[in-house]
Structure formats: structure tokens, C-alpha cells
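Heads up: the sequence lines are chains E and C, in that order.
All letters in the first sequence, in the order written, are residues 24 to 136 by the working numbering.
All letters in the second sequence, in the order written, are residues 61 to 945 by the working numbering.
Hints were generated in silico from the structure; no laboratory data involved.
The hints are all genuine.
Here are the computed distance ranges between Cβ atoms for each label pair:
hint, chain 1, residue 1, chain 2, residue 2, range
1, E, 34, C, 894, 51 to 57 Å
2, E, 123, C, 144, 49 to 55 Å
3, C, 122, E, 91, 22 to 28 Å
4, E, 34, C, 146, 38 to 44 Å
5, C, 895, E, 123, 55 to 61 Å
6, C, 122, E, 124, 26 to 32 Å
7, C, 122, E, 32, 16 to 22 Å
8, C, 146, E, 97, 51 to 57 Å
9, E, 97, C, 122, 29 to 35 Å
10, E, 123, C, 404, 56 to 62 Å
11, E, 97, C, 446, 31 to 37 Å
12, E, 34, C, 364, 55 to 61 Å
13, C, 360, E, 34, 52 to 58 Å
14, E, 34, C, 481, 55 to 61 Å
In the DSS-like style, the derived pairs of lysine-lysine whose C-alpha atoms are separated by at most 30 Å in a straight line are:
hint, chain 1, residue 1, chain 2, residue 2
15, E, 46, C, 117
16, E, 121, E, 111
17, C, 117, E, 60
18, C, 609, C, 310
19, E, 104, C, 117
20, E, 83, C, 117
21, E, 111, E, 83
22, C, 659, C, 723
23, E, 60, C, 100
24, C, 117, E, 111
25, C, 578, C, 593
26, C, 117, E, 88
Note that the structure is predicted; figures quoted are calculated from it, not measured.
Yeah, the Cβ is synthetic: ideal placement off N, Cα and C, and Gly gets one too.
If you want the building blocks of each chain, they are given just below.
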Amino acid sequence: MKTDEQRDLFPGALEMMILRTLKRQPLHGYALAQHIKRTSHDLLQIEEGSLYPALQRLLKEELVKAEWATSSTNRRVRIYKVTAAGTKHLEREVSRFKRMLEGITRVLARGES
Amino acid sequence: MNWLKQLFSRRRLYGDLSAEIQAHLEEKMEELVGNGMSRKEAESAARREFGNVTLMKEESHNVWRWSFIENLLSDVRYGLRILFGNPGFSIVAILTIALGIGANTAIFSVVYAALIRPLPYSQPGRLITLTEVRPQEGQAAGANSQSWVSAYPDYLDWTRQGKSFQALAGFSGDGFVLHGAGEPEPIFAAQATVNFFSTLGVRPFLGRDFAAGEDIAAGPKVAILSYGSWIRRFGGDLHILGRSIQLDDKSVSIIGVLPRAFEFAPRGNAEIWVPLHIEKDLVTRRSLRWMPVIGRLAETSTQGQAQAEMNSITANLAAAYPQENGAIRVVLVPLRDRIVGQVQPLLLILFGAVGFVLLIACANVMSLFLVRTAGRRREFNIRAALGASRGRLISQLLAESLILAAAGGLLGLILAEWGTSLLIAAIPDTLLAFAPFLRDAHTNLAVLAFLCVAVIFTGIAFGLAPALQISRGQEGEALKEETRASAGGVRTRLRGVLVVAEIAFSLVLLIGSGLMVKSLTALLSRDPGFDAKNLLAFAVNLPPTSYPKDPDAIRFDKEFTERLRALPGIAGAASNSVVPLTGNGASIRFVIEGQPVAKGHENECNIRDVSNNYFSVMKIPLRAGRLFDDFTDSSTAPQHVIVNEAWAKQYLHGQDPIGKRIKFTYSPKENYREIVGIVGNTADAGLDSPEEPSLFLPFSQDTNSFINYVVRTGSNPESAVGEVRASLHAVDPQLVLIQPFTMDQIIAQSPSVFLRRYPSYLIGSFAALALILAMIGLYGLVSYSVSQRTRELGIRIALGAQQKDVMHLVLGEGARLTLLGVIFGLLAALGLTQLMRSLLFGVSALDPVTFASVAVVLALVAVVACCIPARRAMRTDPAAALRYE
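Could you build the full structure based on these sequences and the hints that come with them?
Set out below in C-alpha cells:
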């Protein structure tokens with residue numbers, strides 16, 4: 024459950040992080056969740072479950088693809104890979120995000136002085 | 061085709077997802093157990109970190125589907141199941157809505173046909189009517205917005221000089237005896253300038269339009285049939301063109317048939333159109349205003365510009381013809397306003413009234429809905445606890461209310477079909493002929509669109525408030541048992557507001573119908589100035605070939621009336637150029653000896669040509685002087701006039717008129733005529749019209765070939781028609797009895813009576829419906845509150861409250877709501893009845909008697925409605941009530 028102190032991510036943020044993570048290395052759902060948690064040092068409190076709707080969206084847009092495989096723990100898992108379209112989408116989204124962040128940062132910096 | 065593939069692979073997708081989420085949770089648990097947690101702890105920790113599994117699955121599924129539509133479908137499926145599971149509630153709700161929507165749709169069909177649908181002409185908005193008015197007409201036709209006449213020579217000048225009109229056309233009524241299509245029969249016709257149809261932008265469906273030069277005084281030689289008469293009288297014969305028919309004594313060739321959709325309300329009863337065929341006086345005299353004119357505005361001009369131009373042409377004509385045109389003004393009115401002007405206020409009032417009925421129906425169903433949703437609170441709390449969003453709960457309830465509304469709408473559509481035909485059937489044929497657009501009132505796309513809007517409005521109106529209320533349930537309370545004490549509070553208050561509104565609305569409708577009924581009664585009991593009982597009216601038209609000169613007509617009249625008087629059941633027969641109460645008739649300009657007026661500014665009043673015994677047959681009282689008689693007022697005797705009291709009052713201001721002399725100014729040859737008598741006033745234009753100044757001339761000195769007869773019978777005048785017709789044929793077998801009606805029929809079919817009777821019935825029915833619904837609402841609320849307060853009542857009784865105290869308690873609650881409703885209703889009625897002032901007659905829009913008596917009646921009915929639950933409350937058994945919880 025979310026509390027007031029945790030903000031919702033903006034739309035598309037989770038997808039962006041998923042794509043970036045999978046770009047480095049194809050992963051299955053659980054590993055993907057752990058990886059994002061670890062990398063973000065638990066700063067972003069994401070319900071693990073919320074990955075799945077996001078993954079479904081990416082699948083539907085054909086930005087990732089999934090294949091059943093056997094994991095290191097000998098479990099049948101679905102491994103997600105970024106497609107070419109996914110790569111392109113990620114680049115575009117990241118550069119848009121950086122621009123947005125820069126804009127916000129500038130405004131905030133001006134406010135402090 | 062990607063979506064199609066997705067649609068079919070969805071099952072597999074969902075399966076994959078489930079397996080995947082399951083694997084995720086297991087892997088997590090394994091890891092946690094590996095870290096030393098117990099299996100049970102690990103399982104709940106894994107679920108906590110994962111979030112709501114069902115919701116996540118649901119959201120993941122939503123990615124793959126058209127969630128809006130699919131949610132809707134599932135809501136509808138569930139809603140249907142719920143509604144079928146509770147048929148009593150559903151049937152009551154559906155019937156209530158069906159009545160509301162059905163009544164509204166029926167009225168809308170009529171409103172659409174009359175007010176919204178464009179007239180069936182090309183660019184109807186550019187059609188403007190022109191009329192000449194003279195302020196001197198006083199109370200007569202001129203001051204009346206219905207007047208629509210101009211002089212033919214003026215019309216020709218407008219056509220020649222006007223630039224703001226593309227075309228100007230004129231028309232007039234006409235009538236013939238038709239030979240050559242079955243039995244000889246009098247038919248209504250119309251005559252028009254040859255450019256009439258092209259000005260409207262209408263082309264005949266068969267054959268051709270009139271051509272230049274076909275409008276000759278000796279005509280008509282050609283005719284165009286209306287579609288209806290082509291079908292009815294000529295069997296829709298496609299080879300009709302060129303066929304000859306006989307109109308009166310003239311042979312006329314059919315040159316065209318008008319399209320089926322053609323209608324022209326001002327001459328709505330015309331079966332045959334012929335080119336203008338008018339005699340010398342009507343063509344040349346500027347003082348004879350008789351022709352209605354329609355103009356089509358030029359592309360570049362506006363009505364304002366056209367008015368300015370007509371003003372300047374009129375000023376020039378006034379300078380050129382000071383005697384005839386000195387006081388003439390030209391008034392422009394859009395054709396649409398002239399056609400629907402009279403029914404517009406009536407229809408809008410009916411539309412408003414029926415809208416109230418729908419609001420009351422909504423309030424009632426909403427009240428039912430509130431009670432029912434209250435009973436389902438637990439169901440919704442559980443759904444909320446399982447992760448249903450507020451939006452889903454609202455959409456679920458809205459789906460249910462919209463299903464009910466749609467079912468009600470469907471049933472309402474059937475009611476509306478039936479209601480519309482009832483609405484049209486209730487209009488007298490003679491009036492319907494002049495509102496042909498109403499025949500077009502039926503279900504069409506516009507009506508269906510209205511129905512859909514009404515359904516959606518209704519569904520949301522009664523579904524939204526309960527939906528918002530139920531979805532506002534706090535999560536903390538989610539699974540607790542409903543607590544009795546507080547639960548009903550808000551809902552009962554809202555229902556109270558609804559009942560107050562229902563009572564207020566129905567009071568407004570009741571007052572409206574009370575005022576209408578009172579107007580109708582006042583109108584029907586108005587003394588028309590003559591005895592309308594046992595009176596038969598009809599007309600005879602003498603064709604000029606057989607009756608070329610005035611003495612021929614006088615001879616006919618004498619012989620015919622003598623025959624009539626000889627009939628056993630007939631007390632008297634007389635004639636007048638105008639049938640009273642029909643609103644027809646001519647006016648004339650005059651000067652009074654010794655009262656000089658500026659040239660062209662003479663007074664103008666009604667003129668009637670009456671037979672010598674007219675006043676005695678009609679039982680119109682003689683106030684002073686004498687009536688006409690056969691010896692002193694023969695055709696060769698000195699010319700005398702009789703005036704009515706209104707005339708004496710308006711023009712002589714109380715002086716004695718007898719012996720005064722007046723002169724008509726249309727011709728320099730006119731001499732002074734002496735006033736020999738004053739008679740009582742009569743209602744000429746209709747029962748609601750003011751008493752107009754009139755002059756009477758003896759028929760023998762001012763003869764017409766079209767004579768209106770009135771016959772006083774001993775008993776039912778309708779049964780005399782056969783004998784009267786036989787007498788007519790005995791005098792001249794080729795003559796036809798035109799429009800035989802009893803005076804009672806004429807009154808019943810008159811616009812003035814219709815305009816009160818129709819809304820009396822309709823608003824009356826709406827008000828009755830509204831009252832029933834409001835009382836059901838009140839009864840339902842009070843019963844509900846009694847059942848909610850069983851325990852409280854039980855305690856009160858146990859503590860010694862008497863039956864009458866309990867009764868007061870319950871009745872007090874109902875009385876409070878009723879009183880509030882009555883107060884709001886009276887306040888609303890104060891404003892709203894002002895809107896119906898144009899329909900009222902002989903009663904003020906704020907008539908205190910109506911307001912007070914209706915409020916009292918409503919209050920009494922309300923008390924009765926509350927008595928039933930109050931009796932139940934009185935019989936509360938304290939022991940049972942206290943054991944109840």
C-alpha cells in the first residue's frame with residue numbers, strides 16, 4: 024500500500040527503467056524487480072506486482088519480447104528482451120526525460136537563490 | 061490485424077501471466093525462507109511486497125483489452141442479473157420512467173414537427189411576410205397580429221420598386237364546387253400569383269408551374285392539384301395532366317401536381333391551386349386590403365434592410381395616394397413566425413409541463429434506488445475491499461440505472477407513438493388543416509435522438525446520486541455490519557429533498573391546469589352576444605353565370621329563406637356576410653358627419669351585411685332605435701346603417717348615435733347614411749376576442765354572391781341539415797350547401813376554445829400523473845422512515861406514548877415535507893404561471909382562489925398518503941419492536 028510520502032512515478036517512468044535494465048541484460052520478472060530495487064537503493068518503492076502491467080504494455084507495443092526458459096534456480100520463467108523498436112523508444116524517452124529533468128532542475132535552482 | 065491476433069491469443073497470454081506471477085511469488089518466498097524466515101511469514105511478506113495480485117492481474121489484463129467496453133459489458137451483464145433478481149423494483153422503476161419519457165417524447169414529436177423542423181421550402185429562413193396595417197383599424201383586425209393583408213396595386217408597386225426581395229408573391233383563399241370527379245362537391249382552394257410556388261422554391265412533382273399571363277380575371281383556366289387531392293380524387297392518375305375538370309361553371313385544365321411534402325399552413329385546406337383570378341375592384345382599389353404577400357429576401361439583404369426599403373416605398377405611396385395610403389404602414393414578419401406563432405407558446409408550455417413530469421418520475425425512481433442501494437451497501441463494501449475502484453462502483457450503479465432508463469425508454473417509445481397520434485387526433489380537423497406540419501409528428505431520427513438524450517439524462521439523473529453516495533463508503537467501515545442508527549441519515553435527507561421537489565413540481569402543474577380549466581370554463585360561459593344554442597350555420601355561393609346581378613341574389617335569398625321558414629322545425633333563417641366567432645370579415649373606412657379628419661386618416665371598423673331579421677333570429681338585443689325591415693330598407697330605399705354598442709362607445713363617446721350620419725370614403729359617389737339603430741355587441745373573432753366596433757348594412761342594399769346563413773332550429777340543429785339541403789335544391793338544384801356546422805361545433809373547433817381546452821386536458825393529465833407519483837414518493841418515504849424507526853417507536857410506546865402521539869409524530873414528518881413542497885411550489889408557480897398568461901382567459905395568472913384551493917387539495921391528499929404508514933406506526937407492538945435487535 025502506498026502512503027502519502029511516496030509519490031507515484033510519472034507515467035512511462037517504470038517502462039523506461041524496465042527497458043534500460045533489460046537493455047543491459049535480458050531478465051525474467053522476479054530478477055527484473057530485484058534488479059530495479061537494488062539499483063535504485065530502494066529509493067523508489069515500487070510494488071513488485073506493478074511491473075507486470077507495465078511489462079504487458081511493453082509487450083503489446085512490441086518494445087520487448089518474452090520467451091519461456093529455465094532459470095538458474097531451475098524454474099520455468101519468462102525471459103524478457105528488448106526489441107529494436109524498444110531500443111529506439113528507450114533512447115527517445117531518456118532524452119525527453121533528461122530535458123524535462125533539466126527544466127525542472129533549473130526552475131528549482133532559480134527558486135532557491 | 062494485430063488486435064485480432066491478440067484477441068484470440070488472450071487466453072494464452074493470461075495463462076502465461078498467471079504462471080509467471082506464481083513463479084515470481086515462489087521465487088521470492090524461497091529467497092526469504094533461505095534468509096531464515098518461516099514459510100508462513102515468507103508467504104505473507106512476498107504478497108505484501110508484490111501488492112494486490114488480483115488487481116495487478118486485472119490491470120495487466122486491461123492492457124490487452126478494450127477495457128472501457130469490456131467493463132461496461134460486464135457491468136451490464138451484472139446489472140441485468142441484479143435487476144432480474146428484483147423484478148418488483150425493476151418493473152415499478154421501468155413503468156415510471158416509461159411514462160415520463162413516453163410523455164416527453166410524444167410532446168417532443170409535436171414540438172419538433174411544429175417548431176424545429178424547417179418549413180419545406182428552399183431556404184425557408186429567407187421567406188418574409190408583408191402586411192399593411194392602419195392604426196385607425198382600432199380594435200379590429202389591424203391591431204391583431206393575425207392580420208396579413210395588402211392592396212393588390214401596392215403589391216405591384218413593391219414588386220416594381222423593391223430591390224431587397226428576390227420575388228414577392230401573393231395568394232388568397234378560394235372555393236369551388238368541383239364537378240367531374242364524382243359527385244359535385246364544394247372544395248377549398250387557393251389562388252395565387254403565378255410566381256407563388258417559385259417564390260417558395262417549390263416545383264410541382266408532376267407537370268408544370270403557373271406561367272406568366274395565366275392570372276386573368278375571367279379565369280381560372282389552369283389548376284395545380286395538391287398531392288392529397290390527386291391521390292384521393294383522381295386515384296393518383298399519372299396521366300392527369302391536361303385533363304379538364306369543372307370548377308363552378310368553368311372548365312379548368314390540370315397542369316400539375318404538387319409534391320407530397322408540400323404544405324402551406326395559411327391555406328392548409330386548399331385542395332386545388334389556381335392562378336389569381338380577381339375582379340376589377342380588387343385589382344385596382346388601393347383601399348381594399350385583402351391579399352397576403354410573401355417575399356423571398358435577396359441573397360444580399362436582411363430583414364432590416366427590407367423593412368427600411370419598404371418604409372421608403374410606403375412613404376412614396378402615401379404621398380402619391382394620400383386618400384388610400386395616407387396612414388398605411390408595412391410590417392414584415394418572418395413566414396415561420398406567422399405560421400407557428402400561435403401554437404408556439406402553447407407547445408412550449410406543454411413541453412415545460414411534461415418536462416416536470418419527467419423530473420418527478422426521475423425523483424421517484426431515484427428515491428427507490430437510494431433505498432435499494434442502501435440495502436446493497438455490504439455488497440459494495442466488499443467489492444471495494446477487494447480492490448474495486450470508486451469509478452468501477454459508480455459505473456456499476458450507473459450501468460444499472462441506465463439499463464432501467466433504456467428499458468423505460470423503449471417502452472416509452474411505444475407509449476410515445478401512441479401518445480403522439482392521440483395528441484394529433486385531439487386537434488379538430490378544421491384547425492389541423494391550418495397546421496399541416498402537425499400531421500408530420502411521428503417518430504423520426506430527431507425524435508429518436510431526443511429519446512436517447514432523455515434516456516441518458518434520466519439514467520444519470522436517478523443513478524448518479526446513489527452511486528456517488530454508495531461509493532463514498534469509508535474503507536475502515538468496509539466489512540462492518542451496517543449500523544442502523546446512522547446509516548439512513550443522509551439518504552433519508554436526500555429522499556426528503558426529492559419528495560419536497562416532487563410535491564413542489566406537482567403543485568406547479570396542478571395550479572397550471574387549474575388556471576387552464578378556469579380559463580376554459582370562463583371562455584365557454586362567456587356570452588357571445590347572441591344565443592348560440594340550436595343554431596345552424598352554412599354558406600351558399602351563387603355562381604355569376606346564373607346570378608349575374610344583385611336583384612338575382614336578392615330574389616334567391618327571399619325564396620330560399622321563405623322555404624326555410626316554412627319548415628316545421630325551423631324558427632327563423634337569416635344571413636350575414638360573416639359567421640360570428642369565425643374571425644373572418646371585412647372592414648371599412650368611414651367619416652362621421654361633423655367630425656372632419658385628415659385625408660387618409662379616417663377611422664375603420666368591421667362591416668357586416670345582414671338580412672333584415674338577422675338580429676331577431678340571432679337574439680341580439682336592440683338597445684335603441686329600430687332594426688332593418690323589408691319596407692323601409694328595401695334595395696331602392698334610402699341607405700341606413702345599424703351600429704353596435706362598441707361602435708357608439710368608441711366613436712361617439714357616449715353621444716346618442718341615432719340620427720347621426722356617416723359616410724364611407726372608398727368612393728366619392730358615397731352619400732351620408734343615417735344610423736337608425738344600436739344593437740348589442742357580439743364576439744366576432746372568437747370567444748376570447750374583445751368586442752369590436754361594427755357597422756351593419758341591410759343585405760338588400762349591399763348584396764353578396766357568397767352568403768352565410770344562420771338557421772334557428774327548434775331542437776338539435778344537426779338534424780335539420782337534410783331538410784335545409786332539400787330546400788336549397790328545391791330553389792336551385794345546382795347549388796351546394798357549403799360547410800354546414802352547428803354553432804356549438806363552430807365554438808368547439810374555434811382556435812380560442814382549442815387553445816384552452818387542449819392544454820386543460822394535457823396539463824391536467826400531467827398534473828394528475830405528477831400528483832400520483834409525488835404521493836407515491838411521499839408514501840414511500842414515510843413508510844420507510846416508519847420501518848426504520850420501529851425501535852424508537854417501540855420505546856416511545858413502552859414509555860407511555862399514546863397512539864395519537866405516534867400518529868402525530870409520523871404525520872408531522874409527512875406534513876413538514878408537504879408544507880415545504882407546497883411553499884416552494886407556490887413560489888415557483890408565482891413565476892411560472894406568468895409564462896402561460898397568453899393562454900389564460902378571464903383569470904389572472906396569480907388567481908388566489910386557484911392557488912389556495914389547489915394547495916389545500918394537495919395537502920389533503922398528502923395527509924391521506926401519510927395516514928397509511930401512520931396507522932401502521934400506531935400499531936407498533938413495543939415488545940416486538942424492542943426484541944427486533
